[in-house]
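Peer 1: Sequence:
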Amino acid sequence: MRGLIVVLVLALLQGRTSASGAPAAPGPAPRALTIAVSGPPTAVEYLPLHLAVAAGDVRDHGLTVMLRVTPGAVQAAEALARGEADLAATTLEAILRFALRPGAPPPQLVFALTAAPPVALLGRPGASAPSLGALAGRRVGVRAPGAPELAWLGALLAGAGLRPTDVDVMSLGPRGVAGALVDGAVDAALVEEPDARRLLAAGAPLVADLRGPEAAARALGRPTVNAGLFARAVGGPADATLAALGRALLAAEARLAAAPAEALARALPSAVVGLPEAFALRVDAARALFVPGGRATPREVAATLALVAARRALGPAARGLRPEALVRVVPLTPPAPAPRP
Numbered sequence: 000m001r002g003l004i005v006v007l008v009l010a011l012l013q014g015r016t017s018a019s020g021a022p023a024a025p026g027p028a029p030r031a032l033t034i035a036v037s038g039p040p041t042a043v044e045y046l047p048l049h050l051a052v053a054a055g056d057v058r059d060h061g062l063t064v065m066l067r068v069t070p071g072a073v074q075a076a077e078a079l080a081r082g083e084a085d086l087a088a089t090t091l092e093a094i095l096r097f098a099l100r101p102g103a104p105p106p107q108l109v110f111a112l113t114a115a116p117p118v119a120l121l122g123r124p125g126a127s128a129p130s131l132g133a134l135a136g137r138r139v140g141v142r143a144p145g146a147p148e149l150a151w152l153g154a155l156l157a158g159a160g161l162r163p164t165d166v167d168v169m170s171l172g173p174r175g176v177a178g179a180l181v182d183g184a185v186d187a188a189l190v191e192e193p194d195a196r197r198l199l200a201a202g203a204p205l206v207a208d209l210r211g212p213e214a215a216a217r218a219l220g221r222p223t224v225n226a227g228l229f230a231r232a233v234g235g236p237a238d239a240t241l242a243a244l245g246r247a248l249l250a251a252e253a254r255l256a257a258a259p260a261e262a263l264a265r266a267l268p269s270a271v272v273g274l275p276e277a278f279a280l281r282v283d284a285a286r287a288l289f290v291p292g293g294r295a296t297p298r299e300v301a302a303t304l305a306l307v308a309a310r311r312a313l314g315p316a317a318r319g320l321r322p323e324a325l326v327r328v329v330p331l332t333p334p335a336p337a338p339r340p
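Residue numbers are given in numbering that gives the first Met the number 0: position 189 of the sequence shown equals residue 188, and the series is strictly consecutive.
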C-alpha cells in the first residue's frame, strides 16, 4: 500500500511540472463578460442567453458571464454605449436609436437571436381571417406606442398597400392585448407568446406570423433581424471570446430545442421561468424562433434599417450608415489543436 501511495504522489507531482521539470503554468483564467440583457426576464428572445449561463454552457467554453437585466431594450443599448457592459442583448432598432454616437463606429451585431419580434397578427377568435388589406379603417391592438413590433406592423401593412395611419392602432398594455381581441374591442392584434398560442388554439385566425426566421421572411417578403448580441466596434471583447460565447449560445439553443420544459425550468432562475404553465408554452414557441447558427448578413441588416427608418426617422448618427458596418463576422468553429511535436 505504501508503494502505491508513493506512486500516486509522484504522479501528482509530475502533473504539476513541465517537461523541463519547472512548475507547470496555471491554466488561463476564465474570460469575464458583463452582458446587459433586455428585460423583462421572461422575454423569450433572450432565453438562450439565460440558459447558457444557468446551465453552465458559458463555463464549459471558458467564460464567466454576469447578466445584468435591464427594464427593456433601450436601457440595454444605452448600457453598451456608456461602457457599462461588454455586450448588449437587445434589438437592432434600440441600437440604431440609442447606442450610436457621432464620430464613433457603430456597435456591431455579433450573434443574431431573432429575425423579428416574436408576435403573431391575429384576428378575433371564431371569426374568419381578415386579409392585411381588409384592416384599413379597423382597430389593431398593440402593447404600447413604442413597442418594437410596430415597425414590423408598418412593413406588413406596406406590403398590402396601406400606411400605418390607415388603421386605428390601439395601445392596450402587455396584458390587455389578448383580452381586447377576445372581447371584440379590436379587430386584430399583434400578440406575444404565450398568448398567441392560446388564442390560436381557441380559434383565432392567423393574419401574419413573425415567430421565426422562415415565417417572418414569408410574411414580409424579405429576411430581417431583430434581437441579438451587440459589441462595441472598438475596445470590445476579442473575436476568440465572442466565438466561445457564440458556441455556448448554440449549445443552449440546441438544449432548448430538445429538452423538456420541466428540465429547463429546473436549470433556470425563477424570474426567467415565471409562471410554470406559461413557461411550457414559451419553450414550445422558442423551439423554432431563433436564427440558425446565430448568423445575420448585411442583407438582413439593410432590410431592417429600411423597415425601422420607415416608421420613424433615425438620428443623424444613423444616416448613411452602411449595413456592413453593423455586422461583425465571428467564426464559431473552434480552432484545430496545434500539432504535437
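No lab work stands behind these hints: they were computed from the structure.
Fair warning: there could be bad hints in the mix.
[Claimed, not checked] Simulated restraints on C-beta separations:
1. Thr63 <-> Arg137: 46 to 52 Å
2. Asp182 <-> Arg58: 25 to 31 Å
3. Ala232 <-> Leu205: 45 to 51 Å
4. Gly102 <-> Arg197: 46 to 52 Å
5. Pro297 <-> Pro129: 23 to 29 Å
6. Gly102 <-> Ala159: 37 to 43 Å
7. Ala103 <-> Ala237: 15 to 21 Å
8. Arg197 <-> Arg67: 30 to 36 Å
9. Ala270 <-> Gly314: 38 to 44 Å
10. Gly145 <-> Glu261: 51 to 57 Å
11. Ala232 <-> Gly160: 35 to 41 Å
12. Gly160 <-> Arg81: 21 to 27 Å
C-beta atoms are modelled at their ideal positions from N, C-alpha and C, and glycine is treated no differently.
Peer 1: Taking the earlier hints as the rules, which of them does this structure contradict?
Peer 2: Hints 2, 3, 5, 9, 10 and 12 are the ones this structure does not satisfy, whereas the remaining hints hold.
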